[in-house]
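Using the sequences and the accompanying hints, generate a full structural model.
2 protein chains.
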Amino acid sequence: MNTTSQLALVGANVCPIESLDYEHREAFLAYAGCNLILATAAAALCAYIAPAAAGSGIPEVKAYLNGIDAPSILAPSTLFVKIFGSICGVSAGFVLGKEGPMVHTGACIANFLGQGGSRRWRSALLWRTFFTTAVVAVTLRAFGEYCRSGKCGLFGEGGLIMFDISSTATSYSTPDLIAVVFLGAIGGIFGSLYNFLVDKVLHTYSIINEKGAPFKILLTVTISLLTSCCSYGLPWLAKCTPCPLGLHEHCPTLGRSGNFKKFQCPQGHYNDLASLFLNTSGDAIRILFSSGTDNEFYISTLFVFFAAIYFLGIVTYGIAVPSGLFIPVILAGASYGRLVGSLLGTICGLDKGLFALLGAASFLGGTMRMTVSVCVILLELTNDLPMLPLVMLVLLISKTVADGFNRGVYDQMVIMKGLPYMEAHAEPYMRNLVAGDVVSGPLITFSGVEKVANIMHALNVTGHNGFPVVDEPPFSDAPELCGLVLRSHLLVLLKGKTFTKDRVLTGPAEVYRRFGAFDFAKAGSGKGLKFEDLDIDEEDMEMYVDLHPVTNRSPYTVVETMSLAKAAVLFRELGLRHLCVVPKTPGRPPIIGILTRHDFMPEHILGLFPQFNHQN
Amino acid sequence: MNTTSQLALVGANVCPIESLDYEHREAFLAYAGCNLILATAAAALCAYIAPAAAGSGIPEVKAYLNGIDAPSILAPSTLFVKIFGSICGVSAGFVLGKEGPMVHTGACIANFLGQGGSRRWRSALLWRTFFTTAVVAVTLRAFGEYCRSGKCGLFGEGGLIMFDISSTATSYSTPDLIAVVFLGAIGGIFGSLYNFLVDKVLHTYSIINEKGAPFKILLTVTISLLTSCCSYGLPWLAKCTPCPLGLHEHCPTLGRSGNFKKFQCPQGHYNDLASLFLNTSGDAIRILFSSGTDNEFYISTLFVFFAAIYFLGIVTYGIAVPSGLFIPVILAGASYGRLVGSLLGTICGLDKGLFALLGAASFLGGTMRMTVSVCVILLELTNDLPMLPLVMLVLLISKTVADGFNRGVYDQMVIMKGLPYMEAHAEPYMRNLVAGDVVSGPLITFSGVEKVANIMHALNVTGHNGFPVVDEPPFSDAPELCGLVLRSHLLVLLKGKTFTKDRVLTGPAEVYRRFGAFDFAKAGSGKGLKFEDLDIDEEDMEMYVDLHPVTNRSPYTVVETMSLAKAAVLFRELGLRHLCVVPKTPGRPPIIGILTRHDFMPEHILGLFPQFNHQN
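So the protein sequences, as listed, match chains G and B.
Residue numbers for the first sequence follow our numbering, so the first one is 818 and each next one is one higher.
Residue numbers for the second sequence follow our numbering, so the first one is 818 and each next one is one higher.
If you're looking for bench data, these hints aren't it; they were derived computationally from the structure.
Only a predicted model underlies this, so the values are computations on that prediction, with no experimental measurement involved.
There's no promise every hint is true.
With the Cβ distance kept under 8 Å, some of the chain B side facing chain G (calculated, not the full set) [stated by the list, open to error]:
| no. | residue |
| --- | --- |
| 1 | 942 |
| 2 | 943 |
| 3 | 945 |
| 4 | 950 |
| 5 | 954 |
| 6 | 1202 |
| 7 | 1205 |
| 8 | 1242 |
| 9 | 1297 |
| 10 | 1346 |
| 11 | 1378 |
Taking lysine-lysine pairs in the DSSO-like style, the calculated list, with each CA pair at most 30 Å apart, reads [to be verified]:
| no. | chain 1 | residue 1 | chain 2 | residue 2 |
| --- | --- | --- | --- | --- |
| 12 | G | 1318 | G | 1268 |
| 13 | B | 1401 | G | 1383 |
| 14 | B | 1268 | G | 1401 |
Okay, the calculated beta carbon distance ranges per label pair [to be verified]:
| no. | chain 1 | residue 1 | chain 2 | residue 2 | range |
| --- | --- | --- | --- | --- | --- |
| 15 | B | 949 | G | 1166 | 42 to 50 Å |
| 16 | B | 1061 | G | 1062 | 57 to 65 Å |
| 17 | G | 990 | B | 842 | 47 to 55 Å |
| 18 | G | 1242 | B | 968 | 43 to 51 Å |
The beta carbon of each residue, even a glycine, is placed where N, CA and C say it ideally should be.
Shown next, in the form of structure tokens:
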């Protein structure tokens, strides 16, 4: 007797077991097989074409907006895999979302269209973001209107408001408020536990994933089978419920989606757990959020669903598939909220659908820790403005509770990926250090008119992206800092071979004649010139090149005795990539070093000054 | 025959003119008299106690968050007058809002509670703002619940959503979209015209107001009489309309507020213009926004109301009364929108209430130019999420159109008030200048250990708030910039008299012994030490004081050759008050000058370099 039929016995089943057993085994094989094929396709795309497309993408976009231009984050290959991998991943029935990948996809497209533009986040972008959103909303709306009559298949079904629960009653009492505070606090603990477990799982997975593409696929396949078993197996634990009377919709559900899946139940009955598992995640959330359905779910059903989704959500994130976190967290939170609401029963007069919404808010607050955005997202999803104060309250409580345990899930991932994210505030120990303390050498500087061989050597042996240019006699009275020259600009200049035999100023006219404005622009596709593209012969090596025309004459500088905390704020607020540290006293070389993002990272500083470790 | 009875003849009046004439003259006198008394009270409060409380207060708060701590903006007297002046002003029937004054009131209270804290806007405040809002929303809600049963008078009537129009139909067609685009564009023109006229009126009024408090009161009285005449006189122009059948509410309206004011009409009729004029502005907006009331207003009524409110709104702002702009602009915009909707008639299928909402959005976009905030405010006021795309579209169009003509109304006022507001971006001509170009002298520096007499002299003859401290031999090998000392800290130090007879370092220990941490903190009430509070005798004058303990050793610096545009970005992004300009070449004094906010103002720079004027 296999597991499936054991499960079948547990369920209050009235069909003959023999035929059912066979029928359901076939159904399960078809279900799990389809999932497996789709999962393998998604994993193969990710593993072989664009490993950067795995996961949510929000940590990467967040890092990009912080000023970290990591390779291949926004490359066209990532875009391709993100789109198709996400489609396969969602279709494969994984407990994952498409919202994060959507954000990443949008960022990739924007990067592709806006070749070479810098996109560090600053408040001036808010208005443009708003503009884009308005255009999208109106366009989407227009398509929706056009498609309403069924011209475009499923597109256009369902409006812009996904889970409309605006009909919920709007009054609540003091016991309700206490219940909501309690819900938020527990939700915060669950949320931070989620982050903790996701982090542990990601560390374990990274060991497996590092072994190569086949291992990535194998891991994905395992999780796919686990998910299929849960989705198909667990509903057998649920009892069949007679359909309620006086419904507007069909019961059991006909066709694709609906609140009342028949599953193994006899006619006129439905399986409430199957209604949650064997639906799209969007429909499952809609069912959980729906109001006036207080008795539709057994407490045991909600408990099983919550436990399964919480667990599956944690083990799914990290497989080689584009996978968002919003949907798993909302699903787990909504079932948690509805469960709490059902447990409280009549003590609390609030609708169970509202409890589900608040549960989702508490989980979102506990994992993501974004208050304002989550609040707006929930408002837009549910169109439930009168409940906004409660949602805000729950978010604040859960965020505050969770902040006591660990960091937000995206911050955790940014750290785990080793992205040098700069926080808005300086760390406390930075106040005890000065800029000169963390400068790490050796510093390579160029003269205003430099020998080609020296430049070639520097570009070859270092990976520096910026080099200070120092003017020396006869071009100035004493050595002085002329500015900063970028590796990419040096490469373009060397490629153009505007060399002179003697150490003389050529001036900008020559450079303007040879190069167009776009020659020095940043290549959007990440396909800029490389050192290997240069073609410099022995003769060229002995010649000179005037660096003044490509030097940034106004680099931001700090004195070596500047508080490191203040230097960090300067670096972050201005979105710098290089910060020149200059000496305080005269009579020394005009530049001491260059601070980059990495020099402000805790690992670097605490490595140099281990005594601050215990303060942290 | 007086004006009132002439107007009475114009109206389709059926009562005997004689008795009506007398009755209405008495009513008008009572109405105008009450308004006049309240207006005079508001103006007297403003003129004699806190002139800074006049107007909206949003430009001042905006400037404060930009880093401008102008005197008395957030003083307790301003708070007092803002609250009571606003109550009198709104009750006096002026066409003005209470939203701006509310914002200012909140800022005053926060400043009072958070004595000495710095409140420059930075993104780290967003989360705290959200927290505050959540607490307010939940508290307000609780009071609302408690008061619903009528325990607190009018408080608690009406929910948090002021103008609920969520029932409006949600579909629109292409002709509708074209109508909306047209509405937005014209609304943008009206909005920018509003700004232009408000600016002109403010300039005129400032001439009157400068003559003294009695003139301020006289001006307010004039506008009050004008407003009373319009509100009471113009409804006589409207025809009486028979009450529609099958209404839920009384017609004509009984009591305080309602859609159907009887005014001079016979029983069973109402005066639509009186319903708009003789209501609170909130109710008038609610009536205009209400859906399913397409035939409630004559086109002529809407036109008269729009023209009157547009005109009264412009002439009211600038009188010595706390007066917000939101309500007048929304009122004018809503009547404009409804007017356009009525003119389009059956060409456009949209509800006239929705037209009113979009008209209000277009006016707000055209005057304030804030897109995201206005959008959120309108959403919260109306709870009409499905119409969000249309509102966004209208806002964008009107803002874009209006930006072609002039600045936003608040920006205009900031400029008119002479507040040195720093824009987020640098002006184009700044790229052609370097930091050293705009340094204006003479520079006063102190030695690390300075003679008391020198400090006293500098504090007395200059108004500088920061002084560079330069270490000289024997305290350093060569003159070098030690840091920056603030006027307020110098005053505390001098008041404490930690002087020495000789030029020696006393070190920080002595200062820490004498002073507590709060002695140097910024006084929240603006009542810090003044130069006049010092009590230094002849003997003290010849002594020395060690400035090192109170010197900021890490001031932000730029080299004199730094691009002025980059220096401006640095200054603004870091929220600086002083930026030290240091020399590029050695062998010169270690500091060239200090840049303050005023040095970045266009007036200052274009005064020094008139050749850039035409580029601007």
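Here's how the hints hold up against the structure:
1. Given hint, residue 942 of chain B at the interface with chain G, is violated; its Cβ is 11 Å from that chain's nearest Cβ, farther than 8 Å.
2. A least Cβ separation of about 6 Å between residue 943 of chain B and chain G falls short of the 8 Å threshold, and the interface hint therefore holds.
3. Hint on residue 945 of chain B is violated. Least Cβ distance to chain G is approximately 10 Å, over the 8 Å limit.
4. Because the beta carbon of residue 950 of chain B sits about 7 Å from the nearest beta carbon in chain G, less than 8 Å, this interface hint is met.
5. Checking residue 954 of chain B against chain G by beta carbon gives a least distance of about 4 Å; that is within 8 Å, so the hint holds.
6. Of the supplied interface hints, the one on residue 1202 of chain B holds, with its beta-carbon coming within about 5 Å of a beta-carbon of chain G, less than 8 Å.
7. A hinted interface residue such as residue 1205 of chain B counts as satisfied when its beta carbon comes closer than 8 Å to some beta carbon of chain G; here the least separation is about 7 Å, so the hint holds.
8. For residue 1242 of chain B, the shortest C-beta to C-beta distance to chain G is roughly 7 Å, which falls under 8 Å, so the interface hint holds.
9. Annotation: residue 1297 of chain B was flagged as interfacial toward chain G, and the flag holds, the nearest CB pair being 6 Å apart, inside 8 Å.
10. For residue 1346 of chain B, the suggested interface contact is broken, since its CB lies about 27 Å from the closest CB of chain G, more than 8 Å.
11. Of the supplied interface hints, the one on residue 1378 of chain B holds, with its beta-carbon coming within about 7 Å of a beta-carbon of chain G, less than 8 Å.
12. Our distance criterion of 30 Å between C-alpha atoms is met by residue 1318 of chain G and residue 1268 of chain G, whose separation comes to about 10 Å.
13. Only pairs whose Cα atoms come within 30 Å are accepted, and residue 1401 of chain B paired with residue 1383 of chain G is accepted, the gap being roughly 22 Å.
14. Distance restraint check for residue 1268 of chain B and residue 1401 of chain G: the Cα-Cα separation of roughly 25 Å lies within the 30 Å cut-off, and the hinted pair is therefore satisfied.
15. Between residue 949 of chain B and residue 1166 of chain G the beta carbons are some 28 Å apart, a value that contradicts the proposed interval 42 to 50 Å.
16. Between residue 1061 of chain B and residue 1062 of chain G, the C-beta spacing of about 41 Å breaks the proposed range 57 to 65 Å.
17. With their beta carbons about 53 Å apart, residue 990 of chain G and residue 842 of chain B fall inside the hinted range of 47 to 55 Å.
18. Remark: the range hint 43 to 51 Å for residue 1242 of chain G to residue 968 of chain B is upheld by a beta-carbon distance near 46 Å.
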